[in-house]
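A.B. asks: In order, the protein sequence lines correspond to chains G and H.
The numbering of the first sequence is my numbering, which starts it at 1 and goes up by one.
The numbering of the second sequence is my numbering, which starts it at 1 and goes up by one.
Bear in mind the hints are in silico, worked out from the structure with no lab data behind them.
Quantities reported herein were computed from a predicted structural model and do not represent experimental measurements.
Even for Gly, the Cβ is constructed at its ideal location relative to N, Cα and C.
Check each hint, because a few of them may be wrong.
To spell it out: a stretch of chain H is covered by chain G in this simulated footprint if at least three of its residues, at any positions, have a beta carbon under 8 angstroms from a beta carbon of chain G; those stretches are [claimed, not checked]:
1. 363 to 376
2. 471 to 477
Away from chain H, derived, C-beta distances all over 12 angstroms, residues of chain G [claimed, not checked]:
3. 64
4. 65
5. 67
6. 109
7. 147
8. 153
9. 177
10. 187
11. 214
12. 217
13. 219
14. 227
15. 241
Here are a few chain G residues that face chain H, going by a calculated C-beta distance under 7 angstroms [stated by the list, open to error]:
16. 36
17. 51
18. 56
19. 59
20. 71
21. 74
22. 131
23. 216
24. 243
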Amino acid sequence: MTFRTGAWLLLTVLAPASHADLTLTGYSTAGPLSTQERIWIREGQLRRDFTDRGRAYSHIFDFTRQQLALLDHGTRRVELHNLKTLQTEAGTGTPSGSLQLKLTPTGTTRALRHWTCEAHQLTASMPTRLGNEDATFHLTGTVWIAHQPPEQAAVKKWIQLSQKKDFFLAVPAAVKATPAQARMLSDLVRELAPRGLPCGGELDARHEGTGPLAALAGRIPARLTLTLHDFSDAPLSPELFDVPSAYTVRR
Amino acid sequence: MLFSLALLWTAASGLFGMDIARALKLNPGWDAPGSGSAIAAERLRDELGRDAAPVVVLFQPTPHGPQRVDDLAYRLAVDAALKPLYANPDVESVHTWYTTGNAALRSHDGRLTYAVVQLKKGPDEGVAAYRTLRSSLVSRELDIGLGGELAVYVDVREQLDHDLRLAESVSFVLLAVLLLWVFRSAVAAMLPLIVGGVTIVSSIAWLKLASLGTEINVYAPNVVSMLGLGLAVDYSLFMVSRFREELARGLPKDLALHITLRTAGRTILFSAVTVAASLFCLFLLPQRFFHNMGLAGGISVATAMMTTLLLLPALLALLGDRVNRWVPPFLGRERDTSETGRWFRFSHFVMRHARVVLAVSIAILLILALPVQNMKVGPADSRSLPPTAESRQVQETLAQHFANSEIAPVMVVARTRTRLTAADSLAGLYTLSTAIAALPTVTHVSGLTSLDPALTLADYRMLFGNPEAFPQAAAALDEFGRDRSTVLFVYFTGDPNDAAARELVARIRALPLSPGLEAVHVGGYAAFHLDYLDTLRTHVPIVLAAIVGVIFVLLFLMLGSLLVPLKVVLTNLLSLSATFGALVWIIQDGNLASWLGFTAQGALDGTILVLIFASAFGLSIDYEVFLLSRVKEMCDATKGDSLKSVSTGMQQSGPIITNAALLIGVVLGAFAMGEVVFIKAIGLGLLLSVIVDATLVRMLLVPATLRLLGRLNWWAPKPLLQVYQRLNLGEIEFDSRRKA
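Here chain G stands alone, though its shape is the one from the complex:
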């Protein structure tokens, strides 16, 4: 899992629900790096805007058409990928085994405008491979969820799509570098989406295994955080999810 991918998937993991439009804005960090996060969800589409080392990028997922568009606004280029193909690639050569998820409310709450966000202790594990070693990837920490706020109805269609077997939410870089984690985070989305809307989270990622690579990975800290500071259910323009016509397309 790349730092960036982890951070944004953390956000989408926590971004579920019903039928119209939703906008989420906040910040995510992965290790020392941090980025603004903007996510728009409309029907079966999701767009994420973020910056990486000072360059602006967008990821546009169309779950109905199973298409992913990666936009580099600096170079004005766009890469188009098929989500089904990515899902197949992620499943090839990774250990079998499903997500083990445990979500326990801690009783702590905090407010985000009119939402009441409840803290949950999250423990998630999934078998993975590090080089030639078998290992387990763990995510542990706190996630903040607002259960059934009025805006949840806005992403109803999206949540329905996330429950399908072919639902896959990952970018090619993550599929290539850490396919098991890419699968894991898609599964996490599937599990968490119906529970509510996200307010934030602080998670530690680590590997466990007996081999030297796992031992090294265990010594390299990876902390992912998300802080959401605003949301809106205002209607979104369909053009927001279109690939800009002036961009060079690479398939």
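Position chain H relative to chain G; hints supplied.
C.D. replies: For chain H alone, coordinates are given in the frame of chain G:
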């Protein structure tokens, strides 16, 4: 005919040169080719694709905005301000306290923060991108200021443009008034201004033409304006004065012009060759900056000479006696033109007390030169700009409120013998980075093998041996390496301009080369300055020797004497020492700073010293040449009567030299009014040099030494004398009265 051609030439030059700014390079060309910092910069650009200029975007709270960097509202305001940058194709990267967690980007008191924006340089060194960036940054909640090297460059450039326009306007007005006072004729007074204007326009055109074949920096037009205008006015003064003098003797116009060209014209030619030769010695320094200055100086001198020798005679021929017209009634009084006037009497006084005068004048010069003992040579920094300049304010805020600047790390470019991730390569890089991290003042090192202080060499071997398992490895390779080259960023405490930063560079360079590494080059701001100062240290003595040698030979060829050129060179060195002493007292130590409107620099920029030496050494010769040519002429006429020859020479040249010094002083003074200390110091240095030469040297030292040396003045060994006579380059004084 010639006049019409000159008009056409000027119009064409004006049209051709009007967009010169586009042809000039912002990069001054201070890199010493082949130096460690220059090689590092090349490798960073060519091998690692790093050719960006860092810009500091400083955020400060306003009374009504968020006050704490860690407040969400503060972050939202920063992000909103930076938002236009993320889709800006000129922006390579933006790093903030919020995106990196780097504590260096947050002020001690938590109220200020800055973003580091890397801008693509492009052919204009990033100026256009910087200006776009500047105009796109707006915030209602926070004050935004821009700083960093590129910001300083742009501010300097904009200030120089402003200063140049102001200096030219002020010069022309003051020159017009002074010339009217000197010539007591509006027609005569206009001539040097016309020659000055044509010289500037033509020089700029020549400069643009030269820029088609070589890179020329943005400072060159200032040099062209300053030297071109000053010299053109001086040369015109010599020429017009001589022409009017000959007319006053009752000679017809054509003969008066002929004599003027044979005498004053020859002196001007010699003077121009001397100044140009002195400036061309700058080509002995390796940096393009000095080549540019030598070229710009040479072009302005040559153009001033050509304009004076071609256009001015045409104008004088057209005007004839009308050159004396339009006499303002309030300036009608005739000057003292008798052969035994006050200059004659003054020189008699000096020569009667030659030993005392010599001792006193040398003592005064030595006292003026005393501060040279404390001279410190260092790099110019943002203090060179006026206190109101945004980039300077940002620099001062960074120094005051932040732990250490993140924008000027030492950059170590290493090339490995095999691929970067091979075991030997990683061992070499690891040894290098740990050795650097252990050096004094280093706060941290950032590079392939410096990702985490807890990781060992074995860890890095495993990390980079399995990049597919460790995204950190792939990200680090993408960030720091290409093929066999990689860069390490070395962050340190203190000011990058300080000697301590240069000491750190020297220490890094002194580290042994690890077996896995093929080459290591240290670059960055501090390394550049270290190399620059080292280059000056090794090359400046050669340049100074060349200038002194060239001037000595030229003076011999003109005067046919060995002792006089030697005396001229020695007095010039003494006079320049006094000038440098005054510069140390003023620019370095800050005396008269409030009066002259600048901040004490704490050190003198080596560039300024070299430029002043090369320009002033040539310029100083002017007055002595003019005086000595008259003295020599009288010496020949009186068969060696030193008393009479010196007194008459002083009387004949005195008013003209005084006026010339006054006029060029006005031009240099106007440039010294500029707000950029670099140009102010050059203008001031040259002005001081002219004042010292026109007063102490010309009025006291020269007549006293000429008197004391007597006939020895004009001595030369026979073989050399034969060379002198065969070449016949000395001034030929036309005996106009006899001809008439």
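A.B. asks: Could you run down the list of hints and mark each one as holding or not?
C.D. replies: Verification of the supplied hints:
1. 363 to 376: violated (count 0)
2. 471 to 477: With 4 residues in contact (Cβ-Cβ under 8 angstroms with chain G), the coverage given for the stretch 471 to 477 of chain H holds.
3. 64: holds, 28 angstroms
4. 65: holds, 26 angstroms
5. 67: holds, 23 angstroms
6. 109: holds, 19 angstroms
7. 147: Residue 147(G) is indeed farther than 12 angstroms from all Cβ atoms of chain H, at 24 angstroms.
8. 153: Consistent with the label, residue 153(G) stays out of reach of chain H, its closest Cβ about 27 angstroms off (over 12 angstroms).
9. 177: Check fails; 5 angstroms does not lie beyond 12 angstroms.
10. 187: The claim holds: residue 187(G) sits with its nearest Cβ about 20 angstroms from chain H, beyond 12 angstroms.
11. 214: violated, 9 angstroms
12. 217: violated, 7 angstroms
13. 219: About 7 angstroms separates residue 219(G) from the closest Cβ of chain H, which leaves it inside 12 angstroms; violated.
14. 227: With a cut-off of 12 angstroms, residue 227(G) comes too close to chain H, as the shortest Cβ separation is near 8 angstroms.
15. 241: holds, 18 angstroms
16. 36: Residue 36(G) check passes; min Cβ-Cβ to chain H is 6 angstroms, inside 7 angstroms.
17. 51: holds, 5 angstroms
18. 56: holds, 4 angstroms
19. 59: violated, 15 angstroms
20. 71: violated, 10 angstroms
21. 74: holds, 6 angstroms
22. 131: This interface hint holds because 5 angstroms falls under the 7 angstroms limit.
23. 216: holds, 5 angstroms
24. 243: violated, 15 angstroms
Violated hints, in rising order: 1, 9, 11, 12, 13, 14, 19, 20 and 24; the structure is consistent with all others.
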